[in-house]
Amino acid sequence: MTLPKLNLINPFEGDKKNSTKIIAGKFLICLFAVILILGAGFISYNFFGGEDTTGGKTAETPSGIWTQLKHLVTSEDKTLRGEKEGRINILLLGIGGGTHDGSQLTDTNIILSVDLKKNQAAILSIPRDLYVPLAEQNIWRRINAANALGEFDKKGRGPIIAQKTIENVFDIPIHYYVRVDFAGFEELIDALGGLEIYVENTLDDPQYPIMGKENAEPYESRFERLYIEKGWQKMDGELALKYARSRHALGAEGGDFARAKRQQNVLTAAKDKALSFSTFLNPKKITSVYNTIKDNVSTNLEIWEILKFVDVAKKIDTEKIVRHIIDDSPDNLLYSAVTIDGAFILKPKSGDWSELSYLAQNIFTSTPTSIAINSMETKKPIRLEILNGTKKNGLAGKTSYRLYKYGYETIKIGNAEKQDYTKTIIYDLTDGQEPEALRTLKEELNANIALTLPGWLTTSLSGTGNMLLNSETAQLYKKNINSAADFLIILGQNTIPLIFNEELLNGAIKNGNLATRPMLPNTN
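Going left to right, the sequence shown walks through residues -1 to 522 as our numbering numbers them.
Quick caveat, the hints were computed from the structure, so don't treat them as lab data.
Yeah, the Cβ is synthetic: ideal placement off N, Cα and C, and Gly gets one too.
Worth double-checking, as some hints may not be accurate.
Claimed, not checked - With a straight-line Cα cutoff of 20 Å, these simulated DMTMM-like cross-link-like pairs (lysine to aspartate or glutamate) come out:
#1 Lys345 <-> Asp202
#2 Lys162 <-> Asp202
#3 Lys82 <-> Asp309
#4 Lys345 <-> Glu236
#5 Lys116 <-> Glu83
#6 Lys115 <-> Asp254
#7 Lys312 <-> Asp293
#8 Lys259 <-> Asp309
#9 Lys345 <-> Glu198
#10 Lys318 <-> Glu198
#11 Lys259 <-> Glu300
#12 Lys318 <-> Asp127
#13 Lys240 <-> Asp254
#14 Lys259 <-> Asp293
#15 Lys232 <-> Glu194
What the hints assert, rightly or not - Label-pair restraints from in silico Cβ distances:
#16 Ala448 <-> Asn213: 41 to 51 Å
#17 Asn360 <-> Lys440: 23 to 33 Å
#18 Lys312 <-> Ala482: 13 to 23 Å
#19 Thr363 <-> Glu134: 44 to 54 Å
#20 Glu407 <-> Val320: 26 to 36 Å
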């Protein structure tokens, strides 16, 4: 008998667009909790409530399925995907669900890796603003749009597009996906009896959004203050949801990356509670949990695979779970940027996916910090000469600062001979030896790449007009002005909004005012 794959949610049933503001900060509470609760719920429902000791079946029990499952799980020819290689990767997606705009955006994306030989697990949280090429879509978007655009094309297609996108970016196989709709999150945690969570830093969020008041007036009435003291806290579903959702907290708990860490703490607590004796020995509780979660989860895991994961998860020590968060801090792998339309995005400092894929492939032994430090120590910095070709004061200096954040070294700043450039131009003085750096600079500054040196730069070198830009002319130019630059950049008008939009964004982040954070435009 071939058992059907679980498709426990149709998040688009009755879904109608409205003008409600996108609810920020949905989070993930699955990890082992989803797998374990589904498995434990199925076991409890059938073992405690379904089987009659006289040999009969109750009316609500699936006939014979428990006996078949026990055979399938113990069958030697039934192996999990990735089991033969000794490592299984699961993509965990969290969506808001419901009927509000943005209900299919995955505000949480986590790679869960399980090492079957060492009985070890690792979690890699991927920021929703990571700018990536979406699989099968032929467009670049933030990673949180993969599921939504997939669902727009075809219902149920979203997790597959997200899965393939993650595989392409991180260069690892994603064997399974679990997508959680958090419409039933509070009910789920309450069914578990609440969670014991250690709050690492006092959380003080003066702008926590109130559900259902997204458009209320006056504006201040849309928010409440969320305050949770440091230390062990017993949280019901409502408080756990707020704890993991908060993005505008003051101090150390502010921002998406602090939120990602809190999400990991919540899902670890849920895993521990799901595995506790108080849960497993309470048929009523586990059945309630199972009934709640089955209506809010979509996965390509089959029932027998879920049951096998129950045994796998029991062997893993929660205290030894490896946790990674990639962000734009100085000793991490990403940097923040703003598109010409004012969209906040995150990109890899390396200019490609090499460091992110290395981290994913070596998730149990490497860290983002170690990779970033090693990269800085081994790479020769790319040297820049930046000239302002506009009348916008401070453009060259601010551009230099932006490029410095991801490893470029500016050795000269000044004004170009002319200030009438409409488009930024890059002159490659390496004779094509740094293609990745050139590509990154072109994308970040929305620049053209010159094939010749302009006449006003070459008159003193040859007495003639434009010269073809090659290794000979580049060296002649560098020698004449005593420059060691790898690239000469002349800034044009088109770069101004890029640089100064980022200045406004950084100010908003510094002041804790992220309510005006720009949204991603619908452009490539």
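Tested hints:
1. Lys345 <-> Asp202: violated (29 Å)
2. Lys162 <-> Asp202: violated (38 Å)
3. Lys82 <-> Asp309: Measuring from Cα to Cα gives roughly 17 Å; hence the hint holds.
4. Lys345 <-> Glu236: Not satisfied, since the Cα-Cα distance of roughly 34 Å exceeds 20 Å.
5. Lys116 <-> Glu83: holds (13 Å)
6. Lys115 <-> Asp254: violated (33 Å)
7. Lys312 <-> Asp293: violated (25 Å)
8. Lys259 <-> Asp309: violated (26 Å)
9. Lys345 <-> Glu198: violated (29 Å)
10. Lys318 <-> Glu198: Holds - the C-alpha atoms of Glu198 and Lys318 are around 18 Å apart, at most 20 Å.
11. Lys259 <-> Glu300: violated (29 Å)
12. Lys318 <-> Asp127: Since the Cα atoms of Lys318 and Asp127 sit roughly 28 Å apart, the hinted pair is violated (cutoff 20 Å).
13. Lys240 <-> Asp254: holds (14 Å)
14. Lys259 <-> Asp293: Between Lys259 and Asp293 the Cα gap is close to 26 Å, so the pair fails against 20 Å, i.e. violated.
15. Lys232 <-> Glu194: Status holds; Cα separation ~5 Å.
16. Ala448 <-> Asn213: 41 to 51 Å: This hint holds: roughly 50 Å between Cβ atoms.
17. Asn360 <-> Lys440: 23 to 33 Å: holds (30 Å)
18. Lys312 <-> Ala482: 13 to 23 Å: Roughly 60 Å apart at Cβ, these two residues miss the hinted range, so it is violated.
19. Thr363 <-> Glu134: 44 to 54 Å: For Thr363 and Glu134 the Cβ distance comes to about 32 Å; the hint is violated.
20. Glu407 <-> Val320: 26 to 36 Å: holds (34 Å)
Checked against the numbered hints given earlier, the structure breaks hints 1, 2, 4, 6, 7, 8, 9, 11, 12, 14, 18, 19 and satisfies all the rest.
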